[in-house]
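With these hints in hand, go ahead and build the complete structure from the sequences.
Those protein sequences? They're chains S and C, same order as listed. Going left to right, the first sequence walks through residues 1 to 55 as the numbering used here numbers them. Going left to right, the second sequence walks through residues 1001 to 1725 as the numbering used here numbers them.
Just so you know, these hints were derived from the structure itself, not from any lab. You can trust all of the hints, since none of them are fake.
Computed cross-link-like contacts, BS3-like style, restricted to lysine-lysine with a CA-CA straight-line distance of at most 27 Å: (1) C:K1572 / C:K1531; (2) C:K1683 / C:K1698; (3) C:K1497 / S:K41; (4) C:K1483 / S:K41.
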Amino acid sequence: MFEQIKHNMETIAGVAIFPILSLLIFFFFFLGLGLWVYSYKKETVDEISQIPLED
Amino acid sequence: MEMEQFYYDNKIVKKFIYATILFGVVGMLVGLILATMFLFPNMTEGISWLSFGRLRPLHTNAVIFAFVGNAMFAGIYYSLQRLLKARMYSDFLSNLNFWGWQLIIVAAAISLPLGYTSSKEYAELEWPIDIAIALIWVAFGINMIGTMLKRRERHLYVAIWFYLATFITVAVLHIFNSLELPVSGMKSYSVYAGVQDALVQWWYGHNAVAFFLTTPFLGLMYYFVPKVANRPVYSYRLSIIHFWSLIFLYIWAGPHHLLYSALPTWAQNLGVVFSVMLIAPSWGGMINGLLTLRGVWDKVREEPVLKFFVVAMTGYGMATFEGPMLSLKNMNAIAHYTDWIIAHVHVGALAWNGFMAFGIIYWLIPRMTKTKLYSTKLANFHFWAGTLGIILYALPLYLAGFLQASMWKQFNPDGTLTYGNFLETVTQIIPMYWMRAIGGSLYLIGMLTLVYNIIQTVRAGEEVEDELAEAPALKTISSGRLKGEKYHTWLERKPIKMAVFATIAILIGGIIQIVPTIMVKSNIPTIASVKPYTPLELEGRDLYIREGCVGCHSQSVRPFRSEVERYGPQSKAGEFVYDHPFLWGSKRTGPDLLRVGGKYNDNWHFNHFWSPQSISAGSIMPSYKWLFDNKAMDTSLTEKKMKAMKTLGVPYSDDQIANGLKDLRAQAISIEESLKNDPDFVKSYDESKKKALAKGEKFVPMNEREIVAMIAYIQRLGTDIKVKE
Chain S
1 MFEQIKHNME TIAGVAIFPI LSLLIFFFFF LGLGLWVYSY KKETVDEISQ
51 IPLED
Chain C
1001 MEMEQFYYDN KIVKKFIYAT ILFGVVGMLV GLILATMFLF PNMTEGISWL
1051 SFGRLRPLHT NAVIFAFVGN AMFAGIYYSL QRLLKARMYS DFLSNLNFWG
1101 WQLIIVAAAI SLPLGYTSSK EYAELEWPID IAIALIWVAF GINMIGTMLK
1151 RRERHLYVAI WFYLATFITV AVLHIFNSLE LPVSGMKSYS VYAGVQDALV
1201 QWWYGHNAVA FFLTTPFLGL MYYFVPKVAN RPVYSYRLSI IHFWSLIFLY
1251 IWAGPHHLLY SALPTWAQNL GVVFSVMLIA PSWGGMINGL LTLRGVWDKV
1301 REEPVLKFFV VAMTGYGMAT FEGPMLSLKN MNAIAHYTDW IIAHVHVGAL
1351 AWNGFMAFGI IYWLIPRMTK TKLYSTKLAN FHFWAGTLGI ILYALPLYLA
1401 GFLQASMWKQ FNPDGTLTYG NFLETVTQII PMYWMRAIGG SLYLIGMLTL
1451 VYNIIQTVRA GEEVEDELAE APALKTISSG RLKGEKYHTW LERKPIKMAV
1501 FATIAILIGG IIQIVPTIMV KSNIPTIASV KPYTPLELEG RDLYIREGCV
1551 GCHSQSVRPF RSEVERYGPQ SKAGEFVYDH PFLWGSKRTG PDLLRVGGKY
1601 NDNWHFNHFW SPQSISAGSI MPSYKWLFDN KAMDTSLTEK KMKAMKTLGV
1651 PYSDDQIANG LKDLRAQAIS IEESLKNDPD FVKSYDESKK KALAKGEKFV
1701 PMNEREIVAM IAYIQRLGTD IKVKE
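Put into structure tokens, the structure is as follows:
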């Protein structure tokens, strides 16, 4: 149904890199996020989450 | 440790709260008027600036930018100062933010009813107002980041990240979607055309929902829910995951507004995948908010503020469950263009944004005026009226959407459409429109009790004063990482670096989607028979934009048997290459118009615009009598408009531009001639001529009036590639 457009997408030099790039960015983003969150110290977390309650 | 004394700026918070309440009433009232127009389409007959097409953008803009916008600023200005233990960076910028924003709202409230619109949803305001929005938004950003830099609290609490992402992303979205070429002081054309304009618009449109209605309110949730419940957020770790995954995923989801359109399939599918994934962070956030109330549910019984918060978070959960579902192609095929979507957005707006705002107002006003809320009973009444109002609003519209979509798709055994006349599918759902109007009224009644309750509270309380606070100054520590300091702990005390990372996170999705589409621009399959609009059609198209026709009529035929049968061949990307802006629309209160050209004769349209009900009994389209007014259409900009289009890549020759007005007149005269085929037209035309003479007025021939240009445009639609039968 979108054959014409697909063809034109294919003619862009190196368009195949887009899906691969997307997956890699996605994977490493969440890997990094997971590592970030689980390496938090409990005390720091408790300290920060108290901030809205002080004033 | 030496304590520093300073004052929190409460007065700016008070101003934003009052503006929230004022524009909340206005926005909801306009909404109710619009809901009533579904039942009495000609209730404002003949008054152009009170017509449905012009009021609809006023309603959406008033609710999003005036009501929710002011509530957002009020909440941010209150919480940011306290989370950072510092007064706002600059009182001047705070006030510039406040007054500038209100001026923009007033400019919108005047210009939209007058028909000055870009027609792009939630970005309708014309270019001078767009520039003002950008400037005021930047003032807000500088003020916020400035406050972060002079803070007395080392850590940036997660709410602040949400505020920061809001600022950055809205700035990026607003600027890119508003790129337009001015033709005059209040008229411009989008620099993008057709498919690209659609992609940029919905990249903006979806993220306006994400970053104007969602992320700032999530920040407010992370501050006010713990505050009111007096216990820390359920899981701070979860809030970090919520933040980063939400802003990272959201930005990709825009194309789900364009499923089954002429947008390339890969972009549609990318939008679907990310939309479905969005359910994870959204529900993570909702659960995090609701579980913050663990152990204090008894308080929810007593405290109306918490009741509002609970329904708000539940509404957020419902809307963000529905969003991914509606993004699935099979669901979207049913729900898109119907009232289902209207129900969906109102669960978000009424429950999530509205109830969060009400809760915050009921909590802040007594605190700032150092008194108790005037009436807890009235607040409880507001809560129940509002909740019932939301249910009565949404449920009938879900049903209406499902019912109408089913009727659109139903075939007889002989292969013809069961409901071949679009109007038959409309008259069936009128009872649901009644219930919607009742639900909306209930919600507005609740809002009015808030107004009364707050006025009484303020009258009983003290004048709002800036609040004295003290905190130790922040010790300067190395800007580099300390020994043993984790990377993220370091990052979290560096607001500018945080801002940069948040920007990168939101840009990735945008770039991956938009760059290929820009690259493909020159390759969009051109269709030899697709020609630029004639000068008269171009003017007619601008009238179509001015009257907000796009609010009720789509111009996009999806590749379904039912749609091809009803409207004609499906949309193709190459058909829209000269459409600055695109006019695909998002709702079908009336039928799709992409291929309406030539379906009826000129007289049909002439009579239909004069009185839709005289042609189609029971139609809910309003009349457009002012297009027939005895005055000439403004053609002073025609040449300039053609030149602007040429600049944007529409292949008008210099000859065509020079002869623009001549061609326009010739086409208009030919339409007038064709109208004369109808003896009734000739008769009434002669009569009105005589009437004008009797009154001593100058008589403007029909070919010079606006209606002729409108007919020219409507008759052109879809004819370029129409298969002749």
